[in-house]
Amino acid sequence: MVGFISLFASTWLLPVAYGASNSVAQSTSTSSSWTQFTIPASVDVGAQLIANIDDPKAVNPQSTCPGYKASNVHHTRAGFTASLQLAGDPCNVYGNDIDALTLSVEYQAANRLNIQIFPSNVDASNASWYLLPEDLVPRPKTSPNPSIDDSELDFSWSNNPSFNFKVIRKATGDVLFNTEGSALVYEDQFIEFVTSLPQDYNLYGLGEHIQQLRLLDNATLTIYAADVGDPIDRNIYGSHPFYMDTRYYEVDKKDGSLKLHTGDRTDHSKEYKSFSHGVFMRNAHGQEILTHSQDLTWRTLGGAIDLTFYSGPSQAEVTRNYQLSTVGLPAMQKYSTFGFQQCRWGYANWSEVEEVVANFEKFDIPLEYIWYGNGNL
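With mature numbering (1 follows the signal peptide of the UniProt record, and there is no 0) as the guide, the letters of the sequence shown map in order to residues -19 to -1, 1 to 358.
Do not rely on the hints blindly, as some may be mistaken.
[As the list claims (entries may be wrong)] In silico lysine-lysine, DSSO-like type, Cα no more than 27 Å apart, as pairs: (1) K122 <-> K147; (2) K151 <-> K251; (3) K235 <-> K254; (4) K254 <-> K240; (5) K50 <-> K151; (6) K315 <-> K151; (7) K254 <-> K234.
[Said to hold, decoys possible] FRET-style restraints, in silico, Cβ to Cβ: (8) G69 <-> A39: 36 to 46 Å; (9) T153 <-> I346: 26 to 36 Å; (10) G237 <-> F61: 40 to 50 Å; (11) E335 <-> N41: 52 to 62 Å; (12) N102 <-> G237: 28 to 38 Å; (13) K38 <-> V103: 28 to 38 Å.
FYI, nobody ran anything at the bench for these hints, they're computed from the structure.
Since the model is a prediction, treat every value here as computed from it, not as a measurement.
By construction, the Cβ of each residue, glycine as well, lies at the ideal position given by its N, Cα and C atoms.
Turn these sequences into a full structure, and let the hints guide you.
Structure, rendered in structure tokens:
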């Protein structure tokens, strides 16, 4: 039996009542053969460059840029701040190096740690480029009584050979994020940092892309919202700079110690335990993440480094903390939205949509909503 039917058109996507007037506003939605980006090209103030992943002559900033040195550490109730100064001559590979940065480490809650790196000299002339307003993307709040001792995560840093840092799970000593052996690159049009990853890692997220759930290595994940329907492994409508990392450990039957498990196969005679953590990058600029066999490179075209770590340790706890503290819970949906919905791009006219609805009823296929993503109607 066909249920109550609502029809939705797109501007993407515009709801209209079934049986209402056929006059629908012209859509800006496009087919997958032509991409329309959320931000028009007219607002781009950057130089037009070939993407360095497509340019064999592109400079590798990790082999060219000097990184930074940390100093002037000032401890606060919830963490500490420090100054970061360029550790050598500027490399200026894809913009102008920012010579002075500020580091802020904040233990926001027992299960949440925040790290910010941003230019020290920000005023009205450049604030919109580097600082993301909280009324657009709220920042996770620090608990009323933060305690570094009670935190499930620890932060350590070094200036050898240049500034690098680690985020560590206290319970296991596992290093969750580690920039050691890489250089922090911070320019006005290019930011890059690198973290090591365990062998055969299990990463999920960094959308929105059409791909398998578990992220593959040797992939380039672009985060830049675009109105394009179905390209495999390329950026589409949403921007979600968040990933979950799940690690499996073999439990020693004698002393209960944990050994990181690598590979895709397990031994049924052995006991395993998993730990998960999440990483969120609060940044609204275009980004790309490069996954390699044992490291991850994160790049963005502007803004600040604003990383929040969620300790979990279960996948459900990571997700819950991310939602409750950072992005908010999904809106409550009305009952009918849990029914079957039909959507496609390219219906030619209103009669064709009505025929589709009639065929659902003819073959006794349940239908609660039909969507059409085209402005031809």
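Hint check:
1. K122 <-> K147: Judged against 27 Å, a Cα distance of about 22 Å means the pair holds.
2. K151 <-> K251: Distance of about 25 Å is within 27 Å: holds.
3. K235 <-> K254: 15 Å, holds
4. K254 <-> K240: 10 Å, holds
5. K50 <-> K151: 26 Å, holds
6. K315 <-> K151: 42 Å, violated
7. K254 <-> K234: Since the Cα atoms of K254 and K234 sit roughly 12 Å apart, the hinted pair holds (cutoff 27 Å).
8. G69 <-> A39: 36 to 46 Å: About 21 Å separates the Cβ atoms of G69 and A39, which means 36 to 46 Å is violated.
9. T153 <-> I346: 26 to 36 Å: Given a distance of about 50 Å, which is not inside 26 to 36 Å, the answer is violated.
10. G237 <-> F61: 40 to 50 Å: Distance hint for G237, F61 is violated at roughly 34 Å.
11. E335 <-> N41: 52 to 62 Å: 57 Å, holds
12. N102 <-> G237: 28 to 38 Å: 51 Å, violated
13. K38 <-> V103: 28 to 38 Å: The hinted range 28 to 38 Å holds for K38 and V103, with Cβ atoms some 33 Å apart.
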